[in-house]
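Engineer: Residue-level listing of the chains:
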Amino acid sequence: MGRREMSVDPIYLVQLTLNGITLGLLYALIAVGLALIFGVMQIINFAHGELLMVGAFAMSFALPAMGLLYWPAMAAAIVAAMICGLVIYETLLARLRPEEFERSILITLGLSIIVLHVVQYLFSANPRLVDTQYGFDGVQIGSIRITWTRVIGALAAVGAFALLYVLLKHTQFGRAMRAIAQNREAALMVGIRPRVVARNAVVLATGLCGLAGAALAPIQLVTPGMGQFLIFKAFALVIIGGLGNIPGAIVAAIGLGLIENWIGGFLEIAWQEGAVFVLMIVVLFLRPNGLFTRGAMRVG
Amino acid sequence: MKATLIAAAALAFGALPWLTDSNYILGIAVSAAIYTVAAAALNLIYGYTGLLSFAQLGFWGIGGYASALTVMTFGGTFWQGLVWAGLINAALALVIGYPTLRTGRHAFVIVTLTFALLVTLIARDWVDLTRGPLGIPGLPAPSLFGFEFRTTSRFYWIAWAYAVLALAFLYALCTSRIGRTLVAIKQNEPLVRAQGISPMPYKLAAFAVSAAITGIAGGIFAFHLKIIDPLFLDFYYMQTFLIMVIIGGAGSFWGVVIAGVALSALPELLRFSSDFRMIIYGFVLLIAMLVMPGGLAGWFGQRRLARMRAALQ
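For the protein sequence lines, the chains are H and C, in the order given. Residue numbering for the first sequence follows our numbering, starting at 1 and increasing by one per position. Residue numbering for the second sequence follows our numbering, starting at 1 and increasing by one per position.
Just so you know, the hints here were simulated from the structure itself, not pulled from any lab data. None of these values were measured; they are calculated from a predicted model. C-beta: ideal position from N, C-alpha, C; glycine also. Treat each hint with caution, since some may be false.
[Said to hold, decoys possible] Just a sample of chain C residues kept apart from chain H, beta carbon distances all over 12 Å, derived:
1) V83
2) A90
3) G104
4) E148
5) A208
6) W254
[What the hints assert, rightly or not] Calculated Cβ distances over 12 Å to all of chain H for the following chain C residues:
7) I178
8) T181
9) R277
10) L305
[As the list claims (entries may be wrong)] Think about it this way: if two alpha-carbon atoms lie no more than 25 Å apart in a straight line, the pair counts; the simulated SDA-like pairs of lysine to any residue are:
11) C:K186 / H:R95
12) C:K186 / H:Q220
13) C:K226 / C:W18
14) C:K186 / C:Q239
15) C:K2 / C:S176
16) C:K186 / H:N289
17) C:K186 / H:R97
18) C:K186 / H:I281
19) C:K226 / C:T240
20) C:K186 / H:R103
21) C:K186 / H:E99
22) C:K186 / H:G174
Generate coordinates for the entire structure from the input sequences, incorporating the hints supplied.
Structural biologist: Put into structure tokens, the structure is as follows:
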């Protein structure tokens, strides 16, 4: 491995920072989905990484079918992930009670194994390269270069967060979700149906996950195992940000994206991968309930 | 009666090398012994204490690498390697367990999961130490007082002896006052506190014991395979241990031991391709958790209760 000299080149640093932010935003999409599901149902969806993989595979199939057009293919991927989410909720998650945390993990772990290996069996484990209408073109500012797919992926993530904020803060749909997260009994008493709200939360979270998968597909290679590594990081982010805390998860995700890219730019790759774990242990030592915990699910 | 039965079963398993010459069957028997111990260790932390730990996979891998590196890089013996495998894992369990167990069960599950992944990544990426994806091949056969455990049938003695020792220790632990305290912590932690017992040392000790036993099991298994590489940390092993605990019945000592022996033999007999085997494992896990979360032992227990109720009426 070619050793880069340790004197910090500002352009290189800016490049790393920009890459870190785009990567962090995509991590955030996954972590926010997990935080949303945990906030409403008090469970963890282990199969979330496989839903991301389903989104990425849907993107890789939809792109050639739609003449490499980026946005329609992304919409198709999101819809595909949301349908999977709805099916998973109705068949499995709806049977779980909020206190059955371990059971939720083991059931969704079983599901994740099945989905991963069925996809591997059908489409082989070979990585797929995904081409879009933007190809590998990018924006060039001075000597800093970022591909369009990264820029658009990051913008799509920001757009999704804005939409999520409006949805949770200003619609009846979102208010019901926050009500369940904050006080289940009181929400029941004012006539909110936990089952409907939980289903909405799962479908919304899987939609975000499909978006992340679709945005990642042209940035990195698509493999059946791509969700596994990302989901472990997303779990750690949910802990760092405080379980069920959405802005906490976003901040933690962007922070992790930056730290990983900075470390990856200067140190061995093992340190980059280990960063998330070290960060999590340190946070748990200092703030056992996560960095940003302030009670139940918050949106702002 | 029960004790005689158990001793007879243990001796019968010990006599296996005289009954067969087949390296294939003895190889499965080595796996069965090692997997059963690892499953019983997971049962201690998950079944008895109620803490779902995915870190077992990491301990398994660290145990394998620690014993392999002791022999190949640091010039120690196999037995010293096993001691290191146990000590390093127990120490790591304390370091991870202390900050994590303060926060509650949810964080514990996720931190242990991330730890398992981290160990996999380190095994792959810290090439200077672990030789990365190439792995460390050619692990030599262990020897004791000049007796070399060269063949599979001789190596089986090591696995068998370890399984008997570890299971006896775990059985003694689980049926002692400590074991009952662990079950009480699982069932009602505030009540345990109210009795004047601090749960933290118990939980930490259970985690460390479970880590050390899993690590030594990993160390023995690595020398059975005679090679260690990052595939040793495949999530497949974790799933195998989990399925043994869940099918056998979390919190039931003999349920898990029987499930461990039975489920080690079964996939070998059925001979599926690896993808297909994983799909079946996934379905088994899913259906077991949906239909009988107490495992076979829980199911039999419920039937016995139902019979007793019926007899009362």
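Engineer: Check whether the Cα positions of K226 (chain C) and W18 (chain C) lie no farther apart than 25 Å.
Structural biologist: holds, 23 Å
Engineer: Closest CB-CB distance from R277 (chain C) to chain H, is it above 12 Å?
Structural biologist: violated, 9 Å
Engineer: Regarding the pair K186 (chain C) and Q239 (chain C), is the alpha-carbon distance no greater than 25 Å?
Structural biologist: holds, 22 Å
Engineer: Between the alpha carbons of K2 (chain C) and S176 (chain C), is the straight-line distance 25 Å or under?
Structural biologist: holds, 17 Å
Engineer: Is the straight-line distance between the alpha-carbon of K186 (chain C) and that of R95 (chain H) 25 Å or less?
Structural biologist: Between K186 (chain C) and R95 (chain H) the Cα gap is close to 23 Å, so the pair holds against 25 Å.
Engineer: Within 25 Å, alpha carbon to alpha carbon, are K186 (chain C) and R103 (chain H)?
Structural biologist: Holds, at about 15 Å.
Engineer: Does G174 (chain H) sit within 25 Å of K186 (chain C), going by the straight-line distance between their CA atoms?
Structural biologist: violated, 35 Å
Engineer: Confirm or reject: I178 (chain C) is not an interface residue toward chain H, with every Cβ-Cβ distance exceeding 12 Å.
Structural biologist: holds, 22 Å
Engineer: G104 (chain C) clear of chain H by more than 12 Å, beta carbon to beta carbon?
Structural biologist: violated, 8 Å
Engineer: Hey, is T181 (chain C) genuinely clear of chain H, shortest beta carbon separation above 12 Å?
Structural biologist: holds, 20 Å
Engineer: Does K186 (chain C) pair with R97 (chain H) here, judged by a C-alpha cut-off of 25 Å?
Structural biologist: holds, 18 Å
Engineer: Over 12 Å from every CB of chain H: does A90 (chain C) meet that, or does the non-interface label fail?
Structural biologist: holds, 17 Å
Hint violations for this structure: numbers 3, 9, 12, 22, all remaining hints satisfied.
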